[in-house]
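K.L.:
The primary structure of each chain is shown beneath.
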Amino acid sequence: MGVFHMILNATVVLGIAGACMGVLLALASKRLAVKEDPKLARLTEALPGANCGACGRSGCRNMAEQLAQGKASPNDCPLTSESNREEICRILDIAPERRDSLCAQILCSGTQELAPLRFEYTGLRDCRAAMRFGGGNKACPYGCLGYGSCAAVCPANAIVLLNGIATVDRSRCLGCGLCVEACPKHLIRLLPAELAFRVGCQNPEKGVEVRKVCQVGCISCGICQKNCPADAITMENGVAVIDQARCTHCGLCAEKCPRKVIWCLKDPVAAPTKEEENNDAVLSE
Amino acid sequence: MTLKKLTSQLRSGSVWDIASRLLTITFLVGLCLAGVYALTSPVISAREEQARQSAMSTFFPGCHFTQISCQAPEVERLYKAEEASQCSGYCALLSVNGYGGNMEVMVAVNADGRVRGVEVLSHSETQNIGSLAAQESFLSRFKGKTADFGLVQAPNVPDENQVQALSGATRSSRAVASAVTAALRAVENLAVAPPTGEEDKLLPSETSALKNWFGEVIARPVDLPAEHGAAVEVWQLHSPTQLVGYAVKTQTVGQNEAFKITTLIGFNASGAVISYEILESFELESFTAALLRDDFRLQFVGRTVPVTTDGGENSVELIPNMEKSCRAIVKAVNDGLQTVAALQGGAAQ
Amino acid sequence: MKDLLLLSLNAILIENVILVKCIGICPFLGVAKKTSTACGMGLAVLFVVTFSSFVTWLFQHWVLAPLGLEYLQTVAFILIIASLVQLTEMVLKRFMPPLYEALGIYLPLITTNCAVLYAALNGARDMGSLFSATVNGFMTAAGFLLALLLFNGVHQRLQQCEFPPSLKGVPAELISAGLLSMAFMGFQGFSL
Amino acid sequence: MKPLKQLKNALLTQNPVLNQLLGMCSVLAVSTTVSSAFGMGVTVTAVLICSNVFISLLSPVIPQQVRIVSYIVIIAGFVTAAELLINAFFPSLASSLGVFIPLIVVNCIILARDEMFASKNSVPASALDGLFMGLGYTAAIVLLGALREVLGNGTLAGIPVLGSGFRPILMLNFAPGAFIALGLLLALVQKLTARLGQKGE
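Residue numbers (my numbering), protein chains in the order written: chain B, 1 to 285; chain R, 1001 to 1349; chain L, 2001 to 2192; chain W, 3001 to 3201.
Non-contacting residues of chain R with respect to chain L, defined by C-beta distances greater than 10 Å in every case (computed):
no.	residue
1	Ala1072
2	Ser1167
3	Asn1321
List of simulated lysine-lysine pairs, DSSO-like, C-alpha gap at most 30 Å:
no.	chain 1	residue 1	chain 2	residue 2
4	R	Lys1080	R	Lys1143
5	R	Lys1260	R	Lys1211
6	R	Lys1331	R	Lys1211
7	L	Lys2168	L	Lys2033
8	B	Lys71	L	Lys2093
9	L	Lys2168	W	Lys3191
10	L	Lys2034	L	Lys2168
11	W	Lys3008	W	Lys3120
12	L	Lys2093	L	Lys2034
13	B	Lys206	B	Lys256
14	R	Lys1080	R	Lys1211
15	B	Lys206	B	Lys226
16	W	Lys3008	L	Lys2168
17	W	Lys3120	W	Lys3005
18	B	Lys256	B	Lys212
19	W	Lys3005	L	Lys2168
20	R	Lys1260	R	Lys1331
21	B	Lys226	B	Lys212
22	B	Lys39	L	Lys2093
23	L	Lys2033	L	Lys2093
24	L	Lys2093	W	Lys3120
25	W	Lys3191	W	Lys3002
26	B	Lys256	B	Lys226
27	B	Lys30	L	Lys2093
28	B	Lys206	B	Lys260
29	R	Lys1145	R	Lys1211
30	W	Lys3002	W	Lys3120
31	L	Lys2033	W	Lys3191
32	B	Lys71	L	Lys2034
33	R	Lys1080	R	Lys1145
34	B	Lys39	W	Lys3120
35	R	Lys1260	R	Lys1324
36	B	Lys30	W	Lys3120
37	W	Lys3191	W	Lys3008
38	L	Lys2034	W	Lys3191
Rather than coming from a laboratory, the hints here were simulated on the basis of the structure. Treat the numbers as computed from the prediction; the structure is a model and nothing was measured. All C-beta atoms in this analysis are idealised placements derived from N, C-alpha and C, irrespective of residue type, glycine included.
My request is simple: use the sequences and hints to build the entire structure.
P.N.:
And the structure:
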């Protein structure tokens, strides 16, 4: 009799516990159901989900909520691809505004062979850490140290450290701008992705000083300024700056520049200039 | 949220449907578990019982064990090992918390209250470290120890009444040590603790008398034999491990015929008189004091044969002009002797 | 009061659930990457363990013990813990969305967390009173949170240093966790 | 997938313990000796197979709201049954596994396999998957058990291996040793898969 009694006990106790837990959960799932906006799920789907915070919200889910409430525009998120952005506009049924995407550029071309080092640095592999040692071990105090602080931050890991300097892989860069703050030398700019001429140097010193520390540094000779037909180049504190709006992408400045430090990053479709060739070659290595 | 709405929701399909499915699942699980338990629990308890019996018989070969009640919290079970009605020791089963979890320890205690042996029945200590505490090499260190043995850490050498703990397994060795101490304490308490109610009908005066004659004993009343004379009550006196003696309460008529003198006489295990005490007497004050004086009382000590007053070789001298009271004591002692002899089953002489 | 202090000291330091008892490691490595995630997980576990120790002790001493069904302990406890976790997830989602936002992803993770079941079983078997069982649960979870935060600090230091390729990532974390747990072995000396 | 591929996958590339880092609690805690590690591995495999089969049978019936709860209850049922059987018929194993048998219930592997695999696939496939994952788990835990026993105690499955002169590293029998041993083992595995990766695919 005892065995049957014991089996009955066990099954009844477990059965009842299961039942009341079941009722509890079922009721809870019914009464506590959060009236979730159906669009929210699809929006979070469309957003890249990198939670990088570039749009200023605390993550894609938060961004999706604000998009649903109309407090944010699809373009706020720099990471979403073109197709996703259209998808979002369709979900929110608003007209998609045109907006060209940006791409990060590192304004320094002083690779190890071209820009010598002042001392051997074996500390932490981080530019900010290296900065504490007298601004880093690179002869040119404004040049890229190449320890990858920007690479560490990049959510799409599009920044590659190649023979001493950081280079952006333009196909993967999402233009989120996280690397801009990360770089202690402030060398990184967000420039329009399609077509840009950029000056691969930020050293404001006189030409004489620049030659001492780098073989390709901009010696602010002004030849590019004179030769530019659209007069888009101005010399700001010792470095040539190309005004992207007025630049007609003729490429004259790149040819005339004695230091070959103006890089033209045309679409890969067009014939790449010499610099761009070695740049892409270097990247694809 | 009114109750009506709540109950309506309860009746609505989905809630009940979910709950019933979960109920069936838990019901099924409960059913098959109960089945497995029914199948395995007898096997488990049998094996544990068998392990326990074998452990006990290794300590007390040839004994049979009776479980006795024990108040100590840690002691799960306490067995008394008897060999031909002679108590040869105790076995205590304890469960203590070791490093890895619960530990079942069996402690065997000799009749004299010293450790006879220790065995760990089950433990879940860490392999090769805590488990060393369950091996013979460590357990044999407890042999012969009394309840107040100390546990010393590995480096320093233990003296006679100390046990050296295992280096690296302090928690496990402390657990075993605590089990042994608890067992010894429990056996000790067994003797001191007043035995269960019905044994102890002794008056305070009686127990104090017994205490200074025999020390700590338990008095167990025994029914009077056929010819018990003036004896009214008889107790067998047990120390924790064996019979120590007898106590007989007698009522005899002294000088004052109206009231009897109540005397308590103590006998050792072999039936010889140890001493006597007058519990209640209505004789004259001086008479009672005289009867208790050593010069008269000591004559009775050591007697195993009834005493006479005729001046023969085992006669006693009566105190002049209070012969009646003295004869009352003589009769009390003789009847006591007679009762004890009858109890012991041997011939009186 | 004194034995409660000893109980908590024991649960947090001497028998820390992760570093000494090696229980609840699965989330330990995963969540220790960011401090906010570690805190979120720790608090979620703290809440769930305390609550479930409370309920499981009651269940054990009112239902299981009198009917002599101790062998059903594991099944009953896990049923209660899983339902409690799911319930708290729904309640948090409904009434405290920001808190759900921070803890949301970890709640289902807690159901498979061994520390919760260990605390419940430990509480029900060893603890005399309901109050001490709940305190034991709370302190075990506090130990869990402590270990999580300590390891989070260690983890951030790990990211700075250079490792041979095969040691990078989890092996390095495990070895540093081993050193951390070696430090916790120092508490074994206490005799409670 | 072809069973053989599944087996290689479970043992090498997708090993639940070494690659997916599941079920670490029991691996760390029970692997002090090969025998207890093997015992644990076999128990987990048995429970894994039974729960996979049972859940793949029941998954269409189980409503969505109580999915996790019912899966765990089923697993707990099998684990308790295993615990009772072990206590009854393998007492030596029971003492070495101790408190860790009930903790198989919250062993991440089982619930993970049930969630991901068993609830979506047919019974034979999930049984096979349960078997392979169990084997992967057992292989990993026995490997670690051997490592820890040989170095920590100088014996392998009870037989002294390294001679009397060897002073065992006692730390390996405790928690820190477990962490470090598993860390080193994972590093070894990472090195092998890296080299395999370059040479192989």
